[in-house]
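Undergrad: Once you've looked at the hints, dock chain B against the given chain A.
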Amino acid sequence: MASRFWTQGDSDTEEEESDYDEQEDDAPVETATATAASRYYSGNASDSDDSDGQKRVVRRVKDKRFDELSATVDQMKNAMKINDWVSLQESFEKINKQLGKVMRVTESDKPPNLYIKALVMLEDFLNQALANKEAKKKMSSSNAKALNSMKQKLKKNNKLYEDMINQCREKPELFEEKVEEEQESEDDVTDDNVTDDDVSDDLDAEETDDEEETGNDAEAGSGWEKMLSKKDKMMDKQFKDPSQITWDTVNKKFKEIVAARGKKGTGRMELVEQLTFLTRVAKTPAQKLEIFFSVVSAQFDVNPSLSGHMPINVWKQCVQNMLAILDVLTQYPNIVVDDMVEPDENETQKGADFNGTIRIWGNLVAFLEKVDVEYFKSLQVIDPHTREYVERLKDEPMFLVLAQNVQEYLEKVGDHKGASKVALKRVELVYYKPQEVYDAMRKLAEQDNGESESGEEKVVNEIRGPTAFVATPELVPRKPTFPENSRALMDILVSLIYKYGDERTKARAMLCDIYHHAIFDEFSTSRDLLLMSHLQDNVQHMDISTQILFNRAMSQLGLCSFRASLVPEAHGCLSELYSAGRVKELLAQGVSQSRYHEKTPEQERLERRRQMPYHMHINLELLESVHLICAMLLEVPNMAANVHDAKRKVISKNFRRLLEMSERQTFTGPPENVRDHVMAATRALRQGDFDKAFAVIKSLDVWKLLRNKDSVLEMLKAKIKEEALRTYLFTYSLAYDSLSLDHLSKMFDLSDAQTRSIVSKMMINEELHASWDQPTGCIVFRDVEHTRLQALAFHLTEKLSVLAETNERAIEARFGGGGLEGLPLRRKDGQDYAGAAASGGGGGGWWQEFSFNQNRQGSSGGRGGYTISGRASAPGLVSSGYSRDGQARSGGYGSGRAYHTGSGARGGQSDGSTRMVNLNRGVRT
Amino acid sequence: MASKYDLTPRIAPNLDRHLVFPLLEFLQERGLYPEEDILKAKIELLNHTNMVDYAMDIHKSLYHSDDVPQDMIDRRAEVVGRLKALEDGAAPLIGFLQNPNAVQELRADKQYNLQMLNDRYQIGPEQIDALYDYAKFQFECGNYSGAADYLYQYRALCTNSDKSLSALWGKLAAEVLMQNWDIALEELNRLKEIIDSKNFSSPLNQVQSRIWLMHWSLFIFFNHDNGRTQIIDLFNQDKYLNAIQTNAPHLLRYLATAFIVNKRRRPQFKEFIKVIQQEQYSHEDPITEFLACIYVNYDFDGAQKKMKECEEVILNDPFLGKRIEEGNFTTVPLRDEFLENARLFIFETYCRIHQRINMGVLADKLNLNYEEAERWIVNLIRTSKLEAKIDSNLGTIIMEPSYTNVYEQLIDHTKALSTRTYKIVHQLLENAPGQTAR
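Line by line, the protein sequences give chains A and B.
Numbering of the first sequence is given in numbering that gives the first Met the number 0, commencing with residue 0 and proceeding in unit increments.
Numbering of the second sequence is given in numbering that gives the first Met the number 0, commencing with residue 0 and proceeding in unit increments.
Bound conformation, chain A alone (with noise of 0.2 Å):
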C-alpha cells in the first residue's frame, strides 16, 4: 500500500492537490510536516484521485482526521523542542484516541504511516533522552515522572505495531519526507536543547543532502536509487581529486561506515552501495579485500529475517563480489585470508609491492555457505509453478562456478578442511540430477557464458570505470567446468570429502553418493555404501537435515531396487516411511496435517524451514505405488499360505490395513487413486487373474516418470504372474491330488522352465507338500493334513518346549553363568522342533519358511547391517527430530524389532541343519 502510495506521490500534480485540500480545510498546516501528511492522505484516497469532486464528502472527515493527527504530531514535536514531557505525555494519549478515530474512518487495519513515524520520533527522543542523565537530572520531578510513564507506555504502545515501525527505520525511503523532517527537528533540537547532541558525520552527510535536495524539489523522493546516487555523488565530490585520496582517507571512511553498520537509520542497501564504492577507491589490494569481505557481508544483512530470502539481484552482486574476492587472492598470493587471529589494525596498509604475508579478516567458506543457504531459501520461497522460479534455477551454474572457484583456491592454500565442506556444497547440487538434467545444465552453462560474456564486461566497465585504483583482472575463470558425466564429478568431490571432511560432511557426502548411485540404478553400489558406512545406526544422532537427506536416500534406494526387480528389498526400503504416514513430512516434501497432533508455530516454521526446493522432490505418487505394489506382491501370496491364522505373520501392516479397509466397503467403484488401484490389483490377484491385476497396475500414470518404463513393466508383468501361481498353489493345492505342469504353464503364461523352478522352490521350502513325477510331469500333492487329535498333540509339545524353555530363561536370568551349558541343547532341541514342524502341518510349514526369509535377510544384516538395523533404525531416526514420544515409542519398537529378527535367525539356522541332514535320514530310520 505505502508504496503505490508513494509512487504517486511522486507526481507534481498531486503534490498541487494536496495543497489546495489543505487550504480548503483551512487546518492549522505550518510546516512541511502538513505537505507529508496531506501526501500521505491523498495516498490512501488514491482510488479517487481524479475525480475530486465526486467524494468530496468522504474526503472532507478523512482529511479533518487526519489533520486532527497532525496537528497533535507537531505538538508533539513542539513539546520535544521544550523537552516538554509532561504535555507529551498528553499528546500521546491524545494521538493514540485520534489514530482510533482515524481507523475507523479509512477502514483499515494499518495504523497511518504518520503515526508510525510519529512513534519512532518518540522513541528516538525517549532513547535520547534517556541516553543523557545530566539533562535527566536537571528535569523537574513532574517532568521525570512523565519521562518514566512515558517511557513504559510507549514501549506497551510500541510492541503492536513493531513490525510497522521497524519497516520504518529500515526503509526510510517509504517515509521519506518524514525522515528528513524528523532530522530537521532533531536538529532543531540540538539547538535549541542544553544536551549536547554530537551529530555523527553520516546525519552530516545526509543534511548536505538534504540541503541539495531541497534545491531540486521536483525530482526529490522517487525513491532510494536516486538518493543513493546522489549519495555517490557526495562520496565522489569527497574523493573528487584522485591524487587527493590516500589510504588513510578511505580506511577512516571505511571505518566509518562499518561503524554505521546495524545503527538505526542506515539504511541497508545504502550501505552496501557506499563501501562498493570504496571498493574502487581503495589504494591497496589488501584494503581492497578488506572492504570486499564488507560489502559481503553487508549485503548479507540486506535481508533480516530467517524465513525469507536475500533479493535475486543482491545475491547475484554478492556472487560477483567474492569472484573479486577471489580475483584479488589468486593476483597477491601473499594474501591470507583468516578468521582465527585479529590483524593489525594497519595490515592493509602495505602495499600491492609488500612480500611479506598479508593477513586479512574472514572466511570464504561461511561465506560461501551463507550464499548457498540464500539460493536455497530463495527456491524455498519462490512459487515452483511461476517463470520466476526457472530462472532462478539458471543461476545455479553462477553458484557453482564460484563454489568451484573457492574450492580450487582452497586446496592451493592447503585448507583441506574448508575445500571439504565446500565440495560438499557442490555435492548437493548435483547429487540430485539424473544425467539428462545434468546435460542440461552444462549446456546451459555453456550458452549462459557465450551471451553473458559481452554484457557482463560492459557491466563490469560501467562499475569500475571511475576510478578503479587497484585494478584486478579477472583471474578466476567465470565459466564452470563440468565433466562429461555426473558420476565423474560425484567421484572427484566424494573421495575429496572422504578424505579430509568432518563427521557430518562426510555422512552428507555418502548419503548425496548412495542417492546418486541408486538413480543411476546401481543398486548394489548403493546398497554396499549403505551398508559400509554403517549410516543407519547412527543417523538419528545427526541433525534433521541430514536425516531427511538419510529418508531420501532410502527412499531413492527402494525405487532403484524396484527397477532392479528386488521387490523384498524395496519394500524394505520403504516400508519404514510409510509405517507412519508422514511421508511428506519425512522428506520434507510439503507439511502434512495430523488430526492428533496439534503442532505449535514455532515447530511449523522449522518444518517449512526444512523444505526441498520443488525441483528436488521424489514424486511421492511413483514412491507410494511402488511401495503398495511390493506390499501387495509379497503380502497376498502370504495371505494366502496362511489363511486359517492371518494374524500370524504380516508383512506389512499397512497393506493389511488399506485391504481391510477397502474390503469394508459395501461398492468398490473404478479406482481413482494409487491406493484403489493397487487395491483392485489384489483383490485380481487374490483370484489368480494376473491379467486384470496388471492391467489395473498398467494404468497408473505414474510409470511415465520411469526411464526404462517398458523394462519396469515387463518385469513387474513377471512378477505378478509368478505370484498369482504361488497364490493360487497355496489357496487351491488341497483340492487336488495331481496336477500337470503343461497346464499349469499356459495357465498363467509362463515358460514351463519357469514354473518348474517356482514350484521347486515351493517344495523345497516346504510350503507345498508335494513332489514331481517326472515322467509324466506332474505335480502330485501329498496329503499331510493331521488329524484333530495328532494337531492337538502337536499343540501340547510346542506348549511344553516353550514352558520347558521359559524356565530355563528364568533360571539363566536368576544365575546367569548357568545357561551357558543348557545354550547348546537347546539349540539342538529347537532344531529337532523345526524338523519337526517343516513335515508337519501347513501352517507350519510356513512359519518354517518365514524364518528362513528373515535369516536371509538376517545374514546379510549380521554382515552389513542392512536389513535389520535399516528396520530397526529407520522409525528412530524418522521420528526423533520431531517428537519426543515419537521417539520413545519408535525406540521400543525398533528394539522389539530387533529381537524378533534375533528369533528368527535362530530358527533359520536350525531349520537350515534339518534340511541338510535329510538324506542321512534315511540311514538312521
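No wet-lab data here; the hints were simulated from the structure.
Wrong hints could be hidden among the right ones.
[Stated by the list, open to error] For lysine-lysine, the following DSBU-like pairs were computed, each having C-alpha atoms within a straight-line distance of at most 30 Å:
#1 Lys432(A) - Lys442(A)
#2 Lys304(B) - Lys652(A)
#3 Lys760(A) - Lys273(B)
#4 Lys798(A) - Lys422(B)
#5 Lys304(B) - Lys745(A)
#6 Lys269(B) - Lys718(A)
#7 Lys498(A) - Lys162(B)
#8 Lys238(B) - Lys262(B)
#9 Lys144(A) - Lys154(A)
#10 Lys442(A) - Lys411(A)
#11 Lys422(B) - Lys718(A)
[Unchecked claim] Distance windows between CB atoms, simulated:
#12 Tyr53(B) - Asp490(A): 51 to 57 Å
#13 Lys798(A) - Arg381(B): 30 to 36 Å
#14 Arg808(A) - Asn366(B): 47 to 53 Å
Please read all numbers here as calculations on a predicted model, not as lab measurements.
Glycine included, C-beta positions come from ideal geometry on N, C-alpha and C.
TA: Frame of chain A; chain B shown alone:
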C-alpha cells in the same frame, strides 16, 4: 572362452612379485595366452626384483638372441655390489648366529638378548636392521631359503613391530615359494593372529591385510593335505567373508570349490549360499553360478551346463588345477572330486522334489550314460544314502517318501524335555546350595 574366467589378473595385484611366478608358469603351461606375452610379463615382473640372471635368460628365449640389453648388465653389477655391501653390514650378526656356541647363550628374554649382544659382541640395532635388509635382498634375489632363515632370526631379535610384521610376510612368502607347506601354514596362522589382534593400525589396513593373507593362503590351502577344511575355516569367518565381499569377490570361487569338495561343512554351507546369492551381481564365476543354479533357482538344466564350464575353469585355474603325474597320464584330482560331488549335489536336490524320475533323464542330468547312472544309483541305494527303488521295466527310479511319522515327531518333540527339566533342577540345586542344605 577359457581366459574369460582366468583370475590371474585379479589375483596378481594382491600377491608378492615372486608369488606371481608360479601363476605365470602355470599359464604358460596351459597355453591360454600367447607365449610371448607371458615371457614379457615375466621380464616385467623381474625388472623390479634382483633376479637379473633369470631375467636375462628369459630375455634370450623371448628374442631368440644372445644379446642382453645393457641396462640389465648394469643392473646385474649394481645388484652384486649392493649384495656385497649389505652382506658386510650384516656380517657381525651373521657370524654370531652361525656360531652354535654363541647362539646357545640366547635366551627367551628379548631384552636380555639385545643387551647381551650389545655388551659382548658389539652388535647394536644397526646390525640387526642390517640383517633385515640383507634378508630382504636375499629374497629379492630369489634365495628364499636364506631369506627365510635370516628373517626367522631377525624376528627373534627385532623390537620394531612394523618391521617384524613385514618380516613375517617375507617369511611366509619364502616358505610358500620353497613349498614348505607345513611351516608356511604355521606362519600363516601367526600372521592371522597379528592381523586379527585389535591394535592393528586402521580398519582399512586391516581389511587389505586380510585380503592379502587370503590370496597368499591359496597357495598353501590347495597344496596342504588338510587345506580344504582350513580354507573354509579361514574364509568363512565373518571378518574374512566381509573382506571378500567388499574387495575380492573373486575369492568366492575358491571357497565355493572348497565347500563343494568338502562334505563335512554342511551347516556353514547354507550361509554361504546366501552370500553367493548376494554377490551374484558383483562377480561372475561358473562355480558360484553352479551353486546358485542348484540352491537358489532350482534350475537343473542350468546347473548341468555350468558343470561343464566348471570343469574347464578348474583345469585352467592355477590353484585348483593342480596336476599329479601318475605313470604315463596326469590327473587333476580336484576336478574328479569336484565333479563327483557336484553330481551328488544335483542329484540330492533333484531327488528331494521328485517322486519318480526317468533314468534316462537323470543320466543326462548327471552327465553320465545310462549304464553308469544306473550303477551310480545302485551304489547309492546300497550304501543307503538314498531311499529309492529302481523300476527297471519302466526305467524309472521311485523315491520312497521320506517324511517321518507323526508319532515319531511327537516323540522327538518331547524326548528332550525331560532331560532339560532334569538339567534345570540340577542347576537350581547347584546354584543354591545353601537353601537346599537346610
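Undergrad: Evaluate each hint against the coordinates.
TA: Results for each hint:
1. For the hint linking Lys432(A) to Lys442(A), the alpha-carbon distance of about 14 Å falls within 30 Å, and the restraint holds.
2. Between Lys304(B) and Lys652(A), the direct Cα distance comes to roughly 43 Å. Violation of the 30 Å bound is thereby established for this hinted pair.
3. For the given pair, Lys760(A) sits about 15 Å from Lys273(B) by alpha-carbon distance, which is consistent with the 30 Å threshold.
4. Distance check on the hinted pair: Lys798(A) and Lys422(B) sit about 19 Å apart at the alpha-carbon level, within 30 Å; holds.
5. With a CA separation close to 26 Å, the supplied pair Lys304(B) and Lys745(A) stays within the 30 Å bound.
6. Under the criterion of a C-alpha separation no larger than 30 Å, the hint pairing Lys269(B) with Lys718(A) is consistent with the structure, at around 26 Å.
7. Our distance criterion of 30 Å between C-alpha atoms is met by Lys498(A) and Lys162(B), whose separation comes to about 27 Å.
8. The hinted pair formed by Lys238(B) and Lys262(B) meets the criterion: a straight-line CA distance of about 23 Å does not exceed 30 Å.
9. With a C-alpha separation of about 16 Å, the suggested pairing of Lys144(A) with Lys154(A) holds against the 30 Å cut-off.
10. A hinted pair counts as satisfied when its Cα atoms are at most 30 Å apart, and Lys442(A) with Lys411(A) qualifies at roughly 28 Å.
11. A hinted pair counts as satisfied when its Cα atoms are at most 30 Å apart, and Lys422(B) with Lys718(A) does not qualify at roughly 50 Å.
12. Between Tyr53(B) and Asp490(A) the Cβ separation comes to about 41 Å, which falls outside the hinted range of 51 to 57 Å.
13. Look at Lys798(A) against Arg381(B): about 43 Å separates their beta carbons, and that is not inside 30 to 36 Å.
14. Between Arg808(A) and Asn366(B) the beta carbon distance is about 52 Å. The supplied range of 47 to 53 Å therefore holds.
Violated hints, listed in ascending order, are 2, 11, 12 and 13; each of the other numbered hints is respected by the structure.
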